[in-house]
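If you read the sequences in order, they're chains C and F.
Residues in the first sequence are numbered consecutively from 1, following my numbering.
Residues in the second sequence are numbered consecutively from 1001, following my numbering.
These are computed hints drawn from the structure, not numbers from a lab.
Keep in mind it's a predicted model, so treat the numbers as computed, not measured.
Here a beta-carbon is modelled for each residue, glycine too, at the ideal position from N, C-alpha and C.
Keep in mind that the hints are not guaranteed to be accurate.
[Said to hold, decoys possible] In silico contact screen, one side only, chain F against chain C (beta carbon under 7 angstroms); selected entries: (1) Ala1037; (2) Ile1049; (3) Thr1076; (4) Gly1080; (5) Arg1084; (6) Val1133.
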Amino acid sequence: MKKTGLLAITLMLALSLFACSKKEGNNIATGGTSASNADTIVIGVASDWKTMDPARAYEVYGNFYFYATYENLYMVEGSDLTPKPVLAKEYTVDDSGLVYTFKLDEGHKFSSGNPVTANDVVFSFNRTKNIKGNAAALTEGVAKVEAKDDKTVVVTLKAKDASFLSKITGNAFAVLDSKVVKEKGGSDAADASTSDKASAYLDGASAGSGPYVLKKWTANTEMVLEKNPNYKGTVNASKIIIKEMPDPNTQIQALEKGDIDVALSVGPDQVKSIKAGGKSKVVSSPTSTISFLLMNNKPEISKEMANPLVQQAVRYALDYKGFQQLAGDGALLPLSFVQKGFVGAKSRPDNYQNIEKAKELMKQAGFENGFTVPLTAANYDSEGLSWITIAEKVKEDLAKINIKVEIKTGEIGVVIDDYRNGKAPFIVMHWSPDYYDLNNQLAFIPGDIVGKRANWDPAANSELVSLAEQAKVEIDDTKRAEISSKMQDIMAENSPYAFLVQHPKSFAVSSKLEGVAYNDLCKLHLNDLKLSK
Amino acid sequence: MLRFIGRRLLFLLFLLFGVALFVFILSHLVPSDPVAANLSQSAMNNPEIVAAFKEKWGLDRSLFRQLILYFQHLLTGDLGTSIRTGNPVLNDLRQFFPATFELSIVAMAIALILGILFGIISAIYRNKSIDHVIRTISISGVSIPSFWFALIMLNVFSSVLGITPGPGRIDSRAATPEGGTGLLLFDSLISGNFQLFSDVVMHLILPGTVLGFFTMGLIARQTRSNLLEVMSLDYIRTARSKGQKESAVIIKHALSNSMIPVITVAGMGFCNLLGGMVLVENIFAWPGIGQYAYLSAVSLDFPAICGVSLLIAFIYVVINLLIDILYGVIDPRVRYR
């Protein structure tokens, strides 16, 4: 009897627990908030967040957060990457092209209630510059920033820069509430790299004028955003919870179950399981991430890969359509280093692959019988497409021209060292822009960031170097497109790279979610999202 | 007994020193540069940014100087600051450990209860159908890869059948409560939030079962074989001939005397369980030490890697110490040896 009673109590307890957990819309423990669950959007991500300080962050998911909590002088909207005025009303450039004068828009307030002033802009720009973190790479072209009056900011550049407006759309130029940040130990002084102590505060609270405020961030766990009562515009969802879900399959399962409304960090393979007309839908959009092969130009590292004829043979031997299929719906094939969406971008012709021509080039190079080369591919992926899968496809394609590829793999943290030190003979890599302008792509020209990794000396192609110098400062779009086009033609014929594919971003959202537009800079504009009833 | 515990604690100090030294050297032998792993390509091109990074994290000092500094800090209880999260490693461990601890305790409880129960049933019904079924389950527990099992279980029980909730520690639309111990079962009970308590329990069942499955298999197999061995001994025959009930013979005489090897296996199983934590935590979006360790390793966050290694080493030694003490409790002869 005793045993039966115990069993009955246990069963009742288990059933009551089960019943409690199944209740819809339960308000279990909302961390001190009382927002109704119906107005809460939950997003599953596998973010790379390290800090929530705009002056230090550069992570891929950085602006996903900063766009929700901060405002910049200019920002991007919807899926478009063109800068649009937000805190600024307008700007003018002087004849030298060095001095930008921004007039601030009226009525913007920080979440503290303080008005946004020119002094806040000056403080924020100088803080990023002097903290000398990752974000400072984008401010290095700024010579000085001054507040002419409360609503006028004057930025003087060190050299003409056609991409300046694009650069200020990112977190490096987010405008912070200088009063609050200074109170919390922030500094914009020259020694800010050691004297600024505000990062810890900014990791737990935002100090911006965006639609949301940060209520809580626990790394690897979750982020909670709530309406900023002082936001100038309208705020849609009253609360946004961002849950860390490292496994993409888990995100899809949670979405299908209704636990989350967006499964953001998933790839083309995972979204295949989403059926049309169901509770979830797939969103696909092009990104500016481009996969490429780097062939080292230094004969001491690989005499075969350093040969320009072999480099050209590799480009002709690759089956680009195959890479496009692997990358999933929406993948694009740029001719060279300029992605679609950037000025003057050219596409690869459909019949580009030419095995006979590639074989002829191999013969001219003296490698008719082929050779063996190691191809490094990190255990990493570009928008869900594994680099090892890319390497396997390269191996298959190059076997047709007698190049025997031996795939070497390792963790990205280890592999990237050889790449950055210019020691990798042949490697699979990707490039994701820091800002959305042609100038960012000039890293590929001889002697620039990626050029150095390939040991491609500026003397090797002075025409490209000269065109790049023109592109950096040319503000006329038509002229800039011409320069861009010329550079792409040269790089397609003569460079130590083979550009494979421009990746699409595929993710899945609840069918109830409205306002979903993917933007490569900030991923999603959180304030555009709305749950339909 | 006290002297024994004291000796083991002293050994623990030496072990932790050895682990710290070993991990420090091993971390720095990795052919990679934390500067390259943590700075962007553009930032790497700017010598001022690189210099500021090296200065901030002490990477501009010689390796020997870094080692001395590391041990100086360790002696004051400072495990350093994580390069990835920017927080003191000790704070990070404090934050992530409760989730892992809670899950591993539940997993271990499931493994022990089911393992011993299955072991007893299997031994009693030796070579009958039920024994074959249990043995198949036990072998599956030992041989199925935990990440695969986790994915299948989540899909079947959460997505298809809807019996258990989805990933995470609590309902996804509820923010994790702040403050308290971080052990949500305990915190929710203390605060009288029974709705949260039930939600936490439901979220623990699936990952707990997946994580405990391997150890459950080990325990069931060990319990079965020990019980069969003990039940063939003379004193069991004597107990039966005295007319004792079969259940009393098994539980009172046979089981207690076959528990020592089971405890050893359970201890090993607990340590293995910590190893399986990385994958299970990833799949169940469980914000614990496993995830923290993985992310620290891939971003070459040396202070965090050292901190996690010290914590795991500490747990191993403490578990082994507890097992040794338990031997003495279960078998008094051990205390007098």
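Identify every previously stated hint that the structure contradicts and give their numbers, smallest first.
3, 4, 6
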